[in-house]
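Chemist: Chains as they are written, first to last, in our numbering: chain L, 582 to 922; chain H, 582 to 922; chain R, 582 to 922.
Warning: the hint list may mix true and false statements.
Treat identical chains as interchangeable: a pair holds within one or across any two.
Unchecked claim - Dumping the calculated DSSO-like pairs for lysine-lysine here, alpha-carbon to alpha-carbon at most 27 Å:
hint, residue 1, residue 2
1, Lys779, Lys631
2, Lys882, Lys900
3, Lys920, Lys631
In case anyone wonders, no lab produced these hints; they're calculated from the structure.
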Amino acid sequence: MNTTRLADIVAALGGELHGNPETTVERIAPLDGADERSIAFLSHSRHAAKLAQCRAACVIVAPALQEQARARGATLVHPDPYLYYARLTRWWVQRHEPMPSPGVHASAVVDASAQLDPTAHVGALAVVGAGARIGPHAVIGAQAHVGREARVGERTRLAPHVMLGDRCTIGARCIVQAGAVIGADGFGFAPFEGRWEKIEQLGAVVIGDDVEIGANTCIDRGALGDTVVEDGVKLDNLIQIAHNVHIGAHTAMAAKVGIAGSTRIGRHVTIGGASGLVGHIEIADHVHIDAATVVTRSIAKPGRYSGPFPFDDNASWEKNAATVRQLYALRERLRALEKKS
Amino acid sequence: MNTTRLADIVAALGGELHGNPETTVERIAPLDGADERSIAFLSHSRHAAKLAQCRAACVIVAPALQEQARARGATLVHPDPYLYYARLTRWWVQRHEPMPSPGVHASAVVDASAQLDPTAHVGALAVVGAGARIGPHAVIGAQAHVGREARVGERTRLAPHVMLGDRCTIGARCIVQAGAVIGADGFGFAPFEGRWEKIEQLGAVVIGDDVEIGANTCIDRGALGDTVVEDGVKLDNLIQIAHNVHIGAHTAMAAKVGIAGSTRIGRHVTIGGASGLVGHIEIADHVHIDAATVVTRSIAKPGRYSGPFPFDDNASWEKNAATVRQLYALRERLRALEKKS
Amino acid sequence: MNTTRLADIVAALGGELHGNPETTVERIAPLDGADERSIAFLSHSRHAAKLAQCRAACVIVAPALQEQARARGATLVHPDPYLYYARLTRWWVQRHEPMPSPGVHASAVVDASAQLDPTAHVGALAVVGAGARIGPHAVIGAQAHVGREARVGERTRLAPHVMLGDRCTIGARCIVQAGAVIGADGFGFAPFEGRWEKIEQLGAVVIGDDVEIGANTCIDRGALGDTVVEDGVKLDNLIQIAHNVHIGAHTAMAAKVGIAGSTRIGRHVTIGGASGLVGHIEIADHVHIDAATVVTRSIAKPGRYSGPFPFDDNASWEKNAATVRQLYALRERLRALEKKS
Numbered sequence: 582m583n584t585t586r587l588a589d590i591v592a593a594l595g596g597e598l599h600g601n602p603e604t605t606v607e608r609i610a611p612l613d614g615a616d617e618r619s620i621a622f623l624s625h626s627r628h629a630a631k632l633a634q635c636r637a638a639c640v641i642v643a644p645a646l647q648e649q650a651r652a653r654g655a656t657l658v659h660p661d662p663y664l665y666y667a668r669l670t671r672w673w674v675q676r677h678e679p680m681p682s683p684g685v686h687a688s689a690v691v692d693a694s695a696q697l698d699p700t701a702h703v704g705a706l707a708v709v710g711a712g713a714r715i716g717p718h719a720v721i722g723a724q725a726h727v728g729r730e731a732r733v734g735e736r737t738r739l740a741p742h743v744m745l746g747d748r749c750t751i752g753a754r755c756i757v758q759a760g761a762v763i764g765a766d767g768f769g770f771a772p773f774e775g776r777w778e779k780i781e782q783l784g785a786v787v788i789g790d791d792v793e794i795g796a797n798t799c800i801d802r803g804a805l806g807d808t809v810v811e812d813g814v815k816l817d818n819l820i821q822i823a824h825n826v827h828i829g830a831h832t833a834m835a836a837k838v839g840i841a842g843s844t845r846i847g848r849h850v851t852i853g854g855a856s857g858l859v860g861h862i863e864i865a866d867h868v869h870i871d872a873a874t875v876v877t878r879s880i881a882k883p884g885r886y887s888g889p890f891p892f893d894d895n896a897s898w899e900k901n902a903a904t905v906r907q908l909y910a911l912r913e914r915l916r917a918l919e920k921k922s
Numbered sequence: 582m583n584t585t586r587l588a589d590i591v592a593a594l595g596g597e598l599h600g601n602p603e604t605t606v607e608r609i610a611p612l613d614g615a616d617e618r619s620i621a622f623l624s625h626s627r628h629a630a631k632l633a634q635c636r637a638a639c640v641i642v643a644p645a646l647q648e649q650a651r652a653r654g655a656t657l658v659h660p661d662p663y664l665y666y667a668r669l670t671r672w673w674v675q676r677h678e679p680m681p682s683p684g685v686h687a688s689a690v691v692d693a694s695a696q697l698d699p700t701a702h703v704g705a706l707a708v709v710g711a712g713a714r715i716g717p718h719a720v721i722g723a724q725a726h727v728g729r730e731a732r733v734g735e736r737t738r739l740a741p742h743v744m745l746g747d748r749c750t751i752g753a754r755c756i757v758q759a760g761a762v763i764g765a766d767g768f769g770f771a772p773f774e775g776r777w778e779k780i781e782q783l784g785a786v787v788i789g790d791d792v793e794i795g796a797n798t799c800i801d802r803g804a805l806g807d808t809v810v811e812d813g814v815k816l817d818n819l820i821q822i823a824h825n826v827h828i829g830a831h832t833a834m835a836a837k838v839g840i841a842g843s844t845r846i847g848r849h850v851t852i853g854g855a856s857g858l859v860g861h862i863e864i865a866d867h868v869h870i871d872a873a874t875v876v877t878r879s880i881a882k883p884g885r886y887s888g889p890f891p892f893d894d895n896a897s898w899e900k901n902a903a904t905v906r907q908l909y910a911l912r913e914r915l916r917a918l919e920k921k922s
Numbered sequence: 582m583n584t585t586r587l588a589d590i591v592a593a594l595g596g597e598l599h600g601n602p603e604t605t606v607e608r609i610a611p612l613d614g615a616d617e618r619s620i621a622f623l624s625h626s627r628h629a630a631k632l633a634q635c636r637a638a639c640v641i642v643a644p645a646l647q648e649q650a651r652a653r654g655a656t657l658v659h660p661d662p663y664l665y666y667a668r669l670t671r672w673w674v675q676r677h678e679p680m681p682s683p684g685v686h687a688s689a690v691v692d693a694s695a696q697l698d699p700t701a702h703v704g705a706l707a708v709v710g711a712g713a714r715i716g717p718h719a720v721i722g723a724q725a726h727v728g729r730e731a732r733v734g735e736r737t738r739l740a741p742h743v744m745l746g747d748r749c750t751i752g753a754r755c756i757v758q759a760g761a762v763i764g765a766d767g768f769g770f771a772p773f774e775g776r777w778e779k780i781e782q783l784g785a786v787v788i789g790d791d792v793e794i795g796a797n798t799c800i801d802r803g804a805l806g807d808t809v810v811e812d813g814v815k816l817d818n819l820i821q822i823a824h825n826v827h828i829g830a831h832t833a834m835a836a837k838v839g840i841a842g843s844t845r846i847g848r849h850v851t852i853g854g855a856s857g858l859v860g861h862i863e864i865a866d867h868v869h870i871d872a873a874t875v876v877t878r879s880i881a882k883p884g885r886y887s888g889p890f891p892f893d894d895n896a897s898w899e900k901n902a903a904t905v906r907q908l909y910a911l912r913e914r915l916r917a918l919e920k921k922s
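With these hints in hand, go ahead and build the complete structure from the sequences.
Modeler: Shown next, in the form of structure tokens:
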């Protein structure tokens with residue numbers, strides 16, 4: 582049982598508690614799934630109407646809603662309840678989840694020349710290559726792979742089945758989800774007489790601190806220079822980052838995004854799911870690209886950009902999509918009419 | 582040699598055989614690749630013209646085509662030849678393919694607290710975490726990973742390199758293809774001063790019975806509640822299912838689909854390859870979404886929905902795509918003309 | 582230190598050296614990142630302006646630029662500098678990178694009935710199934726999986742975590758990047774009373790020589806016949822190749838492409854990133870499909886084909902995308918006006 586006193590939460594994370602600090606909760610719950618043993622949070626004032634029925638032992642709210650919240654029971658007031666919730670989840674996990682113990686599992690295969698901090702954990706059947714370095718409190722998941730001369734920073738965690746390629750480096754406090762492949766060869770070939778001759782990819786991948794990389798996401802090594810992911814970048818699942826891409830700090834991408842080779846993305850950019858960027862372009866800081874957008878040229882100006890073709894019921898789509906093929910001709914016909922009139 | 586008598590097939594799977602039951606076949610083949618040692622099937626009457634030349638030892642046909650089929654040789658009549666073919670492949674595999682033997686491979690790493698049914702198979706170099714439970718006749722493939730307190734139901738098969746995360750559960754008779762990741766963290770962060778603060782994902786993934794999950798497909802664990810995949814769902818390869826998605830029973834998705842967080846999909850839905858659904862929407866039962874469609878709002882009505890921009894030869898596409906950027910302006914010009922006329 | 586004399590490079594790879602053959606270089610660099618210890622190359626004459634400032638010890642150029650290049654220092658002249666660069670990278674890796682030594686790592690699990698050439702390398706914690714055959718100088722990466730009766734040709738390299746399924750075959754000199762899954766089941770089900778009945782996938786995957794397959798790419802086994810990838814094909818990361826697809830020789834596909842079942846693709850085709858091809862169509866030789874194109878019918882004529890909806894700033898996109906939904910109606914209104922005028 583993860584029984585936790587409200588007093589301990591406030592002591593650790595701050596906020597103003599109205600209610601009995603000895604009250605205990607056993608889980609964090611969404612507002613409408615909470616019961617008497619839950620602590621819940623209200624992230625948007627538009628959900629305020631749900632407060633009255635909420636059965637949670639305590640609700641985290643913004644100051645503007647504290648009157649309303651206190652009318653129903655224990656209330657924790659904080660300027661940013663969603664942020665508070667994020668921090669509560671992290672504190673909760675540290676308190677209640679078992680942490681991997683330091684040391685190397687007997688079944689792991691660690692090269693004698695690898696340098697492991699004694700506080701690091703290497704899981705069952707993991708491989709750590711020659712000359713690799715693993716920092717303090719780092720966690721190498723079961724069956725994960727750390728290549729030759731790769732480096733893993735302090736407190737970084739690789740999930741099971743992660744592959745960190747030879748000579749690639751990842752900074753501190755990163756999280757890499759299962760199946761991610763960091764440092765596969767970039768896709769480079771020289772055409773010759775109708776065939777493709779491989780260009781060996783001699784660069785590596787360099788990842789900063791506080792980066793998260795999603796499940797089965799791929800970040801290719803650079804051709805000559807490196808592929809670079811700066812601090813604080815968050816990548817969701819099944820993303821493709823091609824060779825020599827450069828991703829600025831604190832940029833976030835949703836699942837299934839693809840970035841083609843040598844493209845440079847600024848800082849604090851967000852890219853919606855399944856969007857794609859062609860190669861060799863530049864995206865300015867603070868650009869926000871909606872889901873399913875195909876970005877075919879550089880974007881120099883911060884702002885929001887969009888791209889998907891609108892979906893419709895099939896009959897309407899069939900007619901409109903067929904008309905798209907005549908669009909230029911329609912424009913010419915309209916011009917002709919305008920000239921006449 | 583997988584020699585099989587027609588009599589044995591009919592005894593196992595039914596249907597009406599016209600021809601010598603002692604005839605033997607060695608393989609199942611498509612109509613136009615069949616030879617004298619094959620059993621073939623005719624799924625659509627539009628392929629009936631191929632019957633005459635078909636050299637198969639026996640052909641499975643619907644009643645309407647039995648006259649035509651019997652004219653060429655042995656015929657197995659069944660109301661649904663495609664269904665018969667599906668069942669024949671399953672019976673064939675059970676009869677001819679080696680099944681993994683019960684027991685744990687010596688190289689697997691199984692926590693002492695895991696509960697394995699004695700009839701389950703755990704392959705070479707697999708990992709089974711603390712408190713995990715593996716049901717009767719389940720197969721954990723070589724190098725697969727079953728997390729702490731995860732559960733695998735009866736006769737479910739995880740292929741090599743599958744990762745089933747901590748506390749995730751999968752029901753009976755499921756098939757998970759290689760490289761699938763079930764239970765990576767959902768993509769959740771709270772923005773704070775231009776950075777992203779991680780929200781620990783405290784939920785799990787709950788998968789029903791008779792589900793198939795494709796290679797390198799990802800199903801993320803829920804943030805607070807669970808991500809749910811109901812009975813009979815079929816997911817192809819490289820699909821992304823984000824946290825707290827709910828997929829209704831018997832829904833099927835082709836490869837490369839992406840479903841963003843908290844979206845609810847009904848029962849008996851089909852989604853074509855590479856389509857994407859934004860988060861927090863609802864899709865009714867019996868909705869059919871064509872390939873490459875971007876669904877940006879809820880769909881309340883059963884029916885067929887479509888979305889891709891039509892492709893064309895590059896020259897035509899260039900002209901039409903450029904005109905798309907002027908589409909709203911064209912509409913305004915048309916309005917102006919209409920007013921005048 | 583990877584110190585290399587220019588004389589050795591020319592002796593191995595040809596070209597005409599103008600400069601001191603005893604000059605040594607330590608790395609290959611892009612033109613604008615090169616220092617005095619680098620050899621660089623000039624692939625396009627449009628970059629010729631960068632020559633003057635380039636500090637490289639030696640630059641590889643085409644004959645047309647040799648005057649200009651020799652004015653700045655040592656020059657290696659070759660008709661195709663990009664091809665020369667490709668070959669230089671391969672020679673460089675062979676010379677400077679450690680090659681895996683022949684033999685089977687003690688932690689690998691190799692079935693007694695597998696046939697391994699004594700020059701092959703099987704890495705730590707790899708699995709090689711019953712009856713598999715591994716050719717001369719082949720490399721099975723750490724934690725990779727070679728299924729039952731699978732075959733790996735001479736000098737082919739599987740990266741860590743690759744999965745090559747039962748009975749699948751891959752030719753000589755191929756490279757398979759980490760996490761690729763070759764031979765998962767194709768996605769085949771027969772509908773029956775609102776449920777899906779599995780069709781066992783009895784075919785395999787047959788891959789030719791000199792093929793490269795990207796990280797986390799999936800190639801499914803055929804339903805009855807095989808899925809076929811001919812010689813010299815290059816597939817980038819996160820690609821989906823469905824069952825019974827046939828890919829002609831020397832075709833290349835960028836990341837995130839998806840090819841649905843039974844589609845036949847010709848030789849020397851290129852497909853841009855994130856494009857998708859529906860099933861059961863045919864693409865002629867020498868077709869070039871741009872990125873993000875959804876190909877919904879066969880293409881019989883060589884040429885370039887395109888498809889993405891143009892992206893725009895969000896406000897413009899909103900107006901144009903909304904107008905797309907009225908496109909057919911607009912056409913009808915235009916027709917009406919034309920009749921009147």
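Chemist: All hints, please: hold or fail.
Modeler: Hint by hint, here is what the structure shows:
1. Lys779 / Lys631: Between copies, since 26 Å is at most 27 Å while 60 Å is not.
2. Lys882 / Lys900: Answer is between; shortest inter-copy Cα gap is 20 Å, intra-copy 35 Å.
3. Lys920 / Lys631: For Lys920 and Lys631, the Cα distance exceeds 27 Å both inside one copy (60 Å) and across copies (50 Å).
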